[in-house]
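Enquirer: Residue-level listing of the chains:
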Amino acid sequence: MRIEYNKELKMIKDEILLMSTVTEKMLSDSVLALNSKDIELAKTVIERDDLVDAKEIELQLIVSQVIATQGPVATDLRRLASTYKIITNLERIADLAVNICQRVIEISEEIYMKPLIDIPLECELTEKLLKLSIQAFIDEDISRLREVVELEDRIDTINETIHHDCMSYMMEDPKNIHQGTVFCLIGSDLERMGDHATNIFETVFYIVTGNYIDFNDLDEAMINQTVEKLNAEN
Amino acid sequence: MDKKIKFDAKNLDLFYGDFQALKSINLNIYEKEVTAFIGPSGCGKSTFLRCLNRMNDLIESVRINGEILFDGQDINGDIDVINLRTRVGMVFQKPNPFPMSIYENIAYGPKCQGLKDKTKLDTIVQESLTKAALWEEVKNRLNKSALGLSGGQQQRLCIARTIAMQPEVILMDEPTSALDPIATAKIEDLMFKLKKDYTIIIVTHSMQQAGRISDKTAFFLMGEVVEFNETPLIFTNPADKRTEDYITGRFG
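Heads up: the protein sequence lines correspond to chains A and B, in order.
In this text, residue positions in the first sequence follow our numbering: the first is 2, and each later residue adds one.
In this text, residue positions in the second sequence follow our numbering: the first is 17, and each later residue adds one.
Next comes chain A alone, as it looks inside the complex (with noise of 0.2 Å):
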């Protein structure tokens, strides 16, 4: 049945999955760019975004396009619906791996003041949660909520500790101040990075449950409640 309609529902899928590989290099390179002083490499993260953007606007019409000729209800209205808030996401996630890239090149012909080592593993639990949100999004399942939640405590700590340690550098020398800056808003960027990446997955949990929760307002029973709830459904 509907067998054009199911076509186009998949299409918007396939090419939410290719706007999220593209963001997901974007953030992964952005940090690689930071880490290796690479500023060719920061240069074709900020080209990138274009593709990003251009992604953005065409699924919005497709997605209009859709509501408007097929009348969309249920499951199907809160799979499109969503769209623009994933995709608004996305968006906003590649132009935070534009800032960083710029903030690299920046600071490339600067000798860092401490190693890399949070600011890497920040990157790395955001791009392991933006993975994870999408995945839940193209198989419509959210029994990882928890890991979710998890994911992005520990990118608000690790933010923190940034935060922390480069105030130490700035403190100890004025010289640091201009890097130490720089690495806090690098910081803060993957920060607001998780945080679009967990606004996904709550966007899923509204496709497959009905229901809209804000992670922030979760705590451990709810969790087990929530994640006990989905068992037995399933």
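Just so you know, these hints were derived from the structure itself, not from any lab.
By construction, the Cβ of each residue, glycine as well, lies at the ideal position given by its N, Cα and C atoms.
Be aware that a few hints might be false.
Said to hold, decoys possible - Restraint ranges, calculated between C-beta atoms of paired labels, are given here:
no.	chain 1	residue 1	chain 2	residue 2	range
1	B	204	A	18	34 to 42 Å
2	B	222	A	231	29 to 37 Å
3	A	212	B	47	27 to 35 Å
As the list claims (entries may be wrong) - Under 10 Å between C-beta atoms, here's a sample of chain B residues computed to sit facing chain A:
no.	residue
4	88
5	224
6	249
7	259
8	263
Start from chain A and add chain B according to the hints.
Expert: Coordinates of chain B only, in the frame set by chain A:
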């Protein structure tokens, strides 16, 4: 504030001879709301609609078990059916004006009830046509034949004719399926206005129409009510997979 229950169907079964068309229907229809019945052809939604003013009495082989309470009174018990049908009016799929003037179409019901006062009849005709959003279009040709009206106007005339009897409930069986989108939009706008004064129950094959106009929706399937809930919930997050499959067009 909780709305008053207008109709309360309890374990209602209906048989056409040996064939069971309705199976243990339990449904509350609330006052001054629009309730939509949806479901595939032959699912029992029109049959149930016709139970509400005992139109099924006209079919000989029909047998009914269970109760339908109308303002608390069982309509299948010892009641005046003519009075029931006055209180529960009906509008059909195809506009069916009488082959007489516009004025006479509206005045016919009240006249049958013995009203002869011309002034009162004039008032009823004007008020009914106004409520049915038709007065402005026909006020200068009240004595012309109703058959000269367009399909959409004829359907609004039929609604006006129902209103003239001062019903409490208006049943509508696919009232816009024979109309173009503009006439449909007019009828839908009209339903919004009418629900302030009347309880409206509509059978429709258009999911979008049910979504646009109704407060509550009941999904019928093979003689059963699969799901009954607030319309926005039915169309964003139905509880039953069969409802989801039907409204998303993946049924079959």
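Enquirer: If a hint holds in the structure, say so; if it doesn't, say that too.
Expert: Each hint, compared with the structure:
Remark: the range hint 34 to 42 Å for residue 204 of chain B to residue 18 of chain A is upheld by a beta-carbon distance near 40 Å. A beta carbon spacing of about 35 Å between residue 222 of chain B and residue 231 of chain A agrees with the range 29 to 37 Å that was offered as a hint. Residue 212 of chain A and residue 47 of chain B have their C-beta atoms about 30 Å apart, which keeps the hinted 27 to 35 Å range intact. Here the hint on residue 88 of chain B is broken, as its CB sits about 35 Å from the closest CB of chain A, past 10 Å.
Checking residue 224 of chain B against chain A by beta carbon gives a least distance of about 6 Å; that is within 10 Å, so the hint holds. With a cut of 10 Å, the hint placing residue 249 of chain B at the interface with chain A holds, because the nearest CB-to-CB distance is about 8 Å. Because the beta carbon of residue 259 of chain B sits about 8 Å from the nearest beta carbon in chain A, less than 10 Å, this interface hint is met. Evaluation of the residue 263 of chain B hint against chain A yields a held restraint, the C-beta minimum of about 5 Å falling below 10 Å.
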